[in-house]
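Undergrad: In order, the protein sequences belong to chains A and B.
FYI, the numbering used here numbers position 348 of the first sequence as 348, with every residue one higher than the one before it.
FYI, the numbering used here numbers position 88 of the second sequence as 88, with every residue one higher than the one before it.
These aren't lab readings, by the way, just hints derived from the structure by calculation.
Hints are all accurate, no fakes.
The calculated EDC-like cross-link candidates involving lysine to aspartate or glutamate, where the alpha carbons are at most 16 Å apart (straight line), are:
1. Lys289/A x Glu352/A
2. Lys35/B x Glu364/A
3. Lys481/A x Glu24/B
4. Lys113/B x Asp764/A
5. Lys182/A x Glu144/B
6. Lys365/A x Asp36/B
7. Lys481/A x Asp23/B
8. Lys481/A x Asp19/B
9. Lys558/A x Glu95/A
10. Lys35/B x Asp367/A
11. Lys109/B x Glu178/A
12. Lys193/B x Asp152/B
Nothing here was measured: the structure is a model prediction, and the numbers come from that model.
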Amino acid sequence: MLKNTYYSLRTNRIQRVNMINFVATLNALMETSNQTLATVEQAVELGLLPEEFDLIKEILGRTPNFTEVSIYSVMWSEHCSYKNSIKWLKTLPKEGPHMLVEAGEENAGLVDLGDGLACAFKIESHNHPSAIEPYQGAATGVGGINRDIFTMGARPIAQLNSLRFGDIARDKTKWLVEGVVKGIGDYGNSFGVPIVGGEVFFDESYNQNPLVNAFSAGILEGDMISATATGPGNPVYIVGSATGKDGIAGAAFASKDITEDSADDLPSVQVGDPFQEKLLLEATLELAKTDAVVGMQDMGAAGITCSTCEMSAAGEVGMEIDLSKVPTRQENMKDWEILLSESQERMLVVVEKGKESIVESIFEKWDLHAEEIGVVTDTGWINYHMNGEKVASVPAESLVLGGGAPVYDREYKEPAYYEEYKKFKIDDVAEPRDLVDVAVSLIKNPNIASKRWVYEQYDSMVGTKTMTTNRPSDAGIVNIKGTNKAIAMTVDCNSRYVHADPQLGAQIAVSEAARNIVCSGGIPSAVTNCLNFGNPYNPESYWQFVGAVTGMGEACRKFNTPVTGGNVSFYNQSVIDGKEEPVFPTPTIGMIGVVPDKSKIMTLDFKSKGDLIFIVGESKDDISSSEYLVSYHGVKKSPAPSFDLEKEFELQETIKGLIADRHINAAHDCADGGLFITLLEMAMANDLGFDIVTDAEIREDAFLFGEAQSRVVVAVNEDQEDEFLEFMMRQKVPYTLLGHVTKGKVVVDDLHYGFVNELKDIYDNALAKALA
Amino acid sequence: MKFGVVTFPGSNCNQDMIDTLKDELNQEVVELWHKDSDLQGVDFVMLPGGFSYGDYLRSGAIARFSPIMNEVVAHAERGGYVMGVCNGFQILCESGLLEGALLHNNSQKFICKNVYLKPESSSAAISKGLDANKSYKIPIAHGEGRFFAPDDMLKSIKDNDQVLFRYCSEGAEVNDEFNPNGSLENIAGITNKGKNVFGMMPHPERAADPNLSNTDGKLLFESILNNI
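Please build the complete structure, drawing on both the sequences and the hints.
TA: Written as structure tokens, this is what we have:
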């Protein structure tokens, strides 16, 4: 069976520098050439390569008309076809013990939770729309990812997001942050799915191109709905919102570099309506309980075109579609406008013949459109009609990934900076005399300070399942009501490490995600990824992509966490003075894990004065790529921090054992900002402090602020010290007693760093101040 | 007691309220649909949180015209119990069952976090069973929660012991620092003169399940059950 949603919709597509305004071009061309034969020049203007135009002629056995070329241009875009990435994506591990649906089979991956339940989850980007219209861009990103989950019949239960912005001092960055956060909040808050975690990172590489990656997870009870059309004679419905001119050819826009003229593309940005999405969710889940549905797919990029082609190809069938029956928001929409519209909150549903009234009554209950627009055929061809006239005829299989869509092998080349960064030595940087000053500068650094300003704008508690509101953990934890299980979830990627070393950096991203799951008491299950990169036609950018996918695959195999899908977003770059400026390569990892026993959820907060503090893992003379090195010393050129996948694996197994045997009462991984920030985060939750000593063998700044990987801080009740030590002596992983929890004083090597409430005040308010 | 939880098309806390009443308080619950015009004989109507009809207009402004609300208003006028949480409180103010209005938060931002409430009314069932000198940790999640009433209305609300809760510190001090949204005199919830209609912005149903490590909200429901 053909499956074409390996990595599915709403990503970016091929860049054509001459495509100044896709919509205008289309408009101008369609005025004169509707139903007339297309030329190679027109195909190129729509983003196809000349050889791809020849391929279309070969497939059809004739010269395509203009509407047909526009269908191919969208379906063979990077966005839908993954033609420049699929070769490498196929190297990622897909199989795992708990996989019900593997990568590429459906709209999202599906993991078995036991007890008759399964978890559908996925992450996607909405970078380009967010760059010019942050509010709607981010809002519709949230809408899109949630539709991918509930189109399978799963109810979304939690969301995460991963956001990256430019230099926080710039007015434009502040505007983008305000808009993106409000867009995510307004959409998700109304839709009613809590945001239980995420990450926000600032770096000047994102000045022109912010990244907005949205993750959603849902619970499936009962049978999954497949994105497959079958059964010739079965009616095809469009349900949900009416189709308008918003978002026409948004996919094409997403394929371009962001320039000063990008604001002219505003009509390419879709407009979200969370209330419609909420209605569509409830109607869809009600429909899923009936036996009336054959298959269903949401409409993302390329709207009706993509959903009809993909569902038909998946079921090896065809369709007759009458575009004049599609409910529209305005009169006299043209056939190509209806085909390419990316109006939100719509789905394509194939219904079992004879059960139409079941579908219609459910959608009527929820006051939504449900219009029969066509029928499944056994021809394998999709014929689109408008007002009684056939406007396009294409074989479904020829349009999709795994079918006729082209696959390319791109050239890649190691950039010169890679070796240069490795020349960095810690001795090149003098150790500051005043480490308290370093600590305070890191506490107020926007990449480290509390993200409260962001997350308080999101409803994090709707659904009454969020277990981490009152008991913070390294991962977000969502209760599965009626069972003893919970799901842990996290999104992670330190893109600075990936830039310094794509392969190692991606290994670290997967490892950090797994570490967060493990530190919260979960067992890592599976991964979804969002691969944000520059131009795939630039060999140095593509080298970053290849390295990152390779490293990701290695780490996912080590942790037995298959990649269930996600998306690829290329062209996250700007051309400034003729030079391509890509963002840091950012392969965001979304990971879920199962917490098999809720009584063993591990939290990160220090519990009481006197508890012993240990660091598990090896401390090193390593400040490479740390926030400390970059922000305090201004050194940007250094390699990724020290990392070894085997040692990481051993560390995580040890932490799992400590939690399973109840030897520790808190665990928190050492990440951005290093050990000091880790300790402070553990202390602030309950207004406690800590008193520790550093290691004489290691430079003090590296010990406190370095970001050497594979380290976890744990707290142990004094009475349990012996059991803890006995357990640790049986492990291979090194560990060191650092000190103990205090009533509120923060002390390192007898030097007073302040009281926790003073430091917390700085930590809590720094981001709001920086954005003011 | 038989509770009825109303589902408007954009309600998103209806299931949370149902779970709380059924699973944590062992009450009988029926689901009421916004297009219905029958309360199915319930004793107590709950209007849950959410975005009733999208709330692109003023929150709750459309919901008051729904068929079920005609019945809810009639039920309240007969002395029947009604409670609105968050969007439910907004709908009660829009429909005239409660006085005052809920404006955009003074930050102009949606706010979701734990806050502390100090119970006040000694004559309303929801607060009279609580300790008026203590604080209760209950989450808020709203964009339009700033309680407002003209001076004379506020005076009458206070004179009639209609203030249910005020935002306060963990130590139960009521002052501006602990007012999350700019509500008049830190008011977080009120009742009507008859003490049979309750409205509050914070979500007690989000603080009732022990799995969430905060059950202060359950105490509010228990106060209701013990006092009516």
